[in-house]
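Heads up: the protein sequence lines correspond to chains C and G, in order.
So for the first sequence, the numbering used here puts the first residue at 2; every next one is plus one.
So for the second sequence, the numbering used here puts the first residue at 2; every next one is plus one.
Check the hints yourself; a few may be wrong.
Partial selection, computed: residues in chain C whose CB lies under 10 Å from chain G [what the hints assert, rightly or not]:
| no. | residue |
| --- | --- |
| 1 | ALA84 |
| 2 | THR91 |
| 3 | ARG94 |
| 4 | SER124 |
In silico negatives: residues of chain G with every beta carbon more than 12 Å from chain C [what the hints assert, rightly or not]:
| no. | residue |
| --- | --- |
| 5 | ALA25 |
| 6 | ALA196 |
| 7 | ALA278 |
| 8 | GLU297 |
| 9 | ASP321 |
Hints listed in this document are in silico derivations from the structure and should not be mistaken for laboratory results.
Every residue gets a Cβ at the ideal spot worked out from N, C-alpha and C, and that includes glycine.
2 protein chains.
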Amino acid sequence: MKLQSPDVFATMQPDLLRVDDRVAEAASIDIAVPVVTQLIGDIVSAGGKRLRPTLLLLAARAFRYDLDTLVTAAAGVELLHTASLVHDDTIDRAALRRGKPTLNSRLSSGAVILVGDYLFAQSAMLAAATENTRVVAIFASTLGDICEGQLREMFDAHRLDQTRDEYDRRIYGKTAALFAGAAEMGSVIGGAPPATVAELRAFGRDLGMAFQVMDDVLDVRADTADLGKPAGNDLRQGTVTLPTMLYAAGLADGSAEADHLRAVVAGENEDAAAIDAVVWAIRASGAIEAATAVAEDHVARAKARLAVVPDAETRALLEDVADFALARAS
Amino acid sequence: MKLQSPDVFATMQPDLLRVDDRVAEAASIDIAVPVVTQLIGDIVSAGGKRLRPTLLLLAARAFRYDLDTLVTAAAGVELLHTASLVHDDTIDRAALRRGKPTLNSRLSSGAVILVGDYLFAQSAMLAAATENTRVVAIFASTLGDICEGQLREMFDAHRLDQTRDEYDRRIYGKTAALFAGAAEMGSVIGGAPPATVAELRAFGRDLGMAFQVMDDVLDVRADTADLGKPAGNDLRQGTVTLPTMLYAAGLADGSAEADHLRAVVAGENEDAAAIDAVVWAIRASGAIEAATAVAEDHVARAKARLAVVPDAETRALLEDVADFALARAS
Numbered sequence: 002m003k004l005q006s007p008d009v010f011a012t013m014q015p016d017l018l019r020v021d022d023r024v025a026e027a028a029s030i031d032i033a034v035p036v037v038t039q040l041i042g043d044i045v046s047a048g049g050k051r052l053r054p055t056l057l058l059l060a061a062r063a064f065r066y067d068l069d070t071l072v073t074a075a076a077g078v079e080l081l082h083t084a085s086l087v088h089d090d091t092i093d094r095a096a097l098r099r100g101k102p103t104l105n106s107r108l109s110s111g112a113v114i115l116v117g118d119y120l121f122a123q124s125a126m127l128a129a130a131t132e133n134t135r136v137v138a139i140f141a142s143t144l145g146d147i148c149e150g151q152l153r154e155m156f157d158a159h160r161l162d163q164t165r166d167e168y169d170r171r172i173y174g175k176t177a178a179l180f181a182g183a184a185e186m187g188s189v190i191g192g193a194p195p196a197t198v199a200e201l202r203a204f205g206r207d208l209g210m211a212f213q214v215m216d217d218v219l220d221v222r223a224d225t226a227d228l229g230k231p232a233g234n235d236l237r238q239g240t241v242t243l244p245t246m247l248y249a250a251g252l253a254d255g256s257a258e259a260d261h262l263r264a265v266v267a268g269e270n271e272d273a274a275a276i277d278a279v280v281w282a283i284r285a286s287g288a289i290e291a292a293t294a295v296a297e298d299h300v301a302r303a304k305a306r307l308a309v310v311p312d313a314e315t316r317a318l319l320e321d322v323a324d325f326a327l328a329r330a331s
Numbered sequence: 002m003k004l005q006s007p008d009v010f011a012t013m014q015p016d017l018l019r020v021d022d023r024v025a026e027a028a029s030i031d032i033a034v035p036v037v038t039q040l041i042g043d044i045v046s047a048g049g050k051r052l053r054p055t056l057l058l059l060a061a062r063a064f065r066y067d068l069d070t071l072v073t074a075a076a077g078v079e080l081l082h083t084a085s086l087v088h089d090d091t092i093d094r095a096a097l098r099r100g101k102p103t104l105n106s107r108l109s110s111g112a113v114i115l116v117g118d119y120l121f122a123q124s125a126m127l128a129a130a131t132e133n134t135r136v137v138a139i140f141a142s143t144l145g146d147i148c149e150g151q152l153r154e155m156f157d158a159h160r161l162d163q164t165r166d167e168y169d170r171r172i173y174g175k176t177a178a179l180f181a182g183a184a185e186m187g188s189v190i191g192g193a194p195p196a197t198v199a200e201l202r203a204f205g206r207d208l209g210m211a212f213q214v215m216d217d218v219l220d221v222r223a224d225t226a227d228l229g230k231p232a233g234n235d236l237r238q239g240t241v242t243l244p245t246m247l248y249a250a251g252l253a254d255g256s257a258e259a260d261h262l263r264a265v266v267a268g269e270n271e272d273a274a275a276i277d278a279v280v281w282a283i284r285a286s287g288a289i290e291a292a293t294a295v296a297e298d299h300v301a302r303a304k305a306r307l308a309v310v311p312d313a314e315t316r317a318l319l320e321d322v323a324d325f326a327l328a329r330a331s
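Work out the full structure, taking the sequences as your base and the hints as a guide.
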């Protein structure tokens with residue numbers, strides 16, 4: 002397993018720069034509200050690893066494709082992700098994202114809702130601009146899955162009695178659906194055979210599951226400086242993640258630890274020290290290692306699917322992306 | 002001008018019932034959150050006049066079309082409208098819509114944002130299901146126009162120094178864009194010649210402009226019982242509409258009335274009696290009649306475009322729809 006950001010982002014950089022340009026262009030349309038135009042520009046340029054567009058580009062790489070269509074779809078996926086983060090941060094009333102102040106600290110919540118909607122609209126315009134009805138259909142159903150995952154997260158909150166299956170469905174919608182959709186769109190634009198499209202979609206899903214499990218691990222693992230947001234954030238929101246579920250499974254019914262955890266998850270105890278105590282107990286319980294092993298399983302399953310990719314170099318790059326899902330938490 | 006709901010809705014009822022079924026089906030997908038499923042069902046079935054789907058259906062009627070595709074597109078347009086109302090009501094913190102409690106009175110604002118997003122996703126899936134790339138492109142750009150119009154409304158609020166042009170651009174995005182898009186989608190699905198598509202799109206836009214001007218008239222004209230929401234709502238939000246602009250244009254600079262109006266619009270005076278006083282002054286000033294004349298102009302322009310519709314019966318039905326934009330306020 003590589004410990005640092007693998008070469009794949011360097012290899013893909015020329016295409017990713019085209020994606021960045023397309024995203025910036027789509028988001029910069031003059032809406033005669035200069036402050037909003039400026040803020041949208043800031044969000045879009047803040048960027049992350051461009052993991053989803055990278056996946057989309059790579060899923061087409063072993064096949065024949067029109068680069069302009071591919072870049073347009075990749076920009077659509079990145080902007081859909083950004084729009085979803087904007088609404089997410091409004092809902093969570095998050096003050097920080099990627100270590101920077103969110104829109105919420107600058108605009109009214111009503112304005113942030115509209116800015117998110119505007120970015121959704123621009124991402125839909127990019128999907129439409131591919132003029133590929135399958136790409137548009139994948140785009141629309143992915144948006145549906147994301148909303149469903151976020152609704153689940155909200156309505157599953159503050160309950161400790163959740164099954165692993167509920168968790169899996171939730172993180173599929175919240176995160177893995179867009180990875181799956183990105184890989185599917187890329188392979189569809191590449192004109193890959195149906196069985197290959199299905200395997201690459203599944204690769205994206207497995208990778209996305211691993212990514213979200215590691216994200217949940219990071220929330221109880223890293224300190225604020227590394228993460229760009231405060232540790233224990235999920236617990237504070239009442240969101241029950243895999244590390245918490247694995248920790249809870251090891252507690253005796255009616256024990257002081259179990260009662261304390263239940264009170265924190267239920268939002269009955271919102272004391273910062275109480276949340277910190279749970280974070281430390283999770284760290285000491287072995288739940289982080291167990292959750293990491295689950296993510297590693299997802300990545301192993303993802304990699305096994307790459308046999309369908311005919312080109313060895315592309316396969317290696319996709320493996321690098323899969324490793325990155327784990328490496329970011331190292 | 003007809004004073005009551007014209008026959009067009011009766012004539013179109015069989016197709017509109019199919020649209021309703023398609024909307025209900027798209028919105029009812031089990032999201033494993035029963036309370037949300039129930040609330041979404043309530044919003045969707047509350048319905049209005051189904052003016053936008055009627056327009057879309059009629060725009061194809063004189064041509065050759067696949068009814069299933071047409072119904073799917075019409076359902077997409079209606080659901081997009083509903084999604085947009087859900088976010089609108091959250092932003093305005095409105096308690097009533099169509100005389101019924103809004104989602105805001107039942108769910109947290111975060112949940113309402115997600116329900117709106119979910120409905121956007123479902124409407125996008127309907128657009129995608131037409132498998133017509135032009136329809137999808139019109140759908141996406143219409144969504145962009147709507148968001149832009151709503152952002153303009155928000156950032157133009159509380160300022161009395163607005164031009165008529167700013168007002169027109171705002172209500173185009175807020176309302177007329179979807180009427181224009183609906184007419185364009187219908188005529189595209191019907192395979193109408195390009196010049197006819199352009200005229201029918203312009204018909205929809207003119208009709209939508211008339212509809213929004215009348216909506217703004219109604220806000221200062223009707224009482225709560227007729228409107229399903231309190232009168233003077235726009236003034237309370239600081240939204241400067243055409244009746245207010247026309248009233249303001251007749252006031253002498255520095256007069257007590259001008260100062261009072263400016264204070265109410267600026268939100269410096271939020272007293273209910275102060276807002277009522279402005280509403281009464283607008284009613285007495287002739288601004289309502291002048292704004293109504295503007296709406297009548299839009300409708301006359303819309304009707305003049307119908308010469309491109311080859312079939313006399315369809316032309317008559319489209320004229321009925323245009324009349325309805327005015328009649329609703331009679």
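Taking the hints in turn, this is what the structure says about them:
{"no.": "1", "hint": "ALA84", "in the structure": "holds (9 Å)"}
{"no.": "2", "hint": "THR91", "in the structure": "holds (6 Å)"}
{"no.": "3", "hint": "ARG94", "in the structure": "holds (8 Å)"}
{"no.": "4", "hint": "SER124", "in the structure": "holds (9 Å)"}
{"no.": "5", "hint": "ALA25", "in the structure": "holds (16 Å)"}
{"no.": "6", "hint": "ALA196", "in the structure": "holds (23 Å)"}
{"no.": "7", "hint": "ALA278", "in the structure": "holds (27 Å)"}
{"no.": "8", "hint": "GLU297", "in the structure": "holds (29 Å)"}
{"no.": "9", "hint": "ASP321", "in the structure": "holds (32 Å)"}
Going down the numbered hints, you'll see the structure goes against none, and every one checks out.
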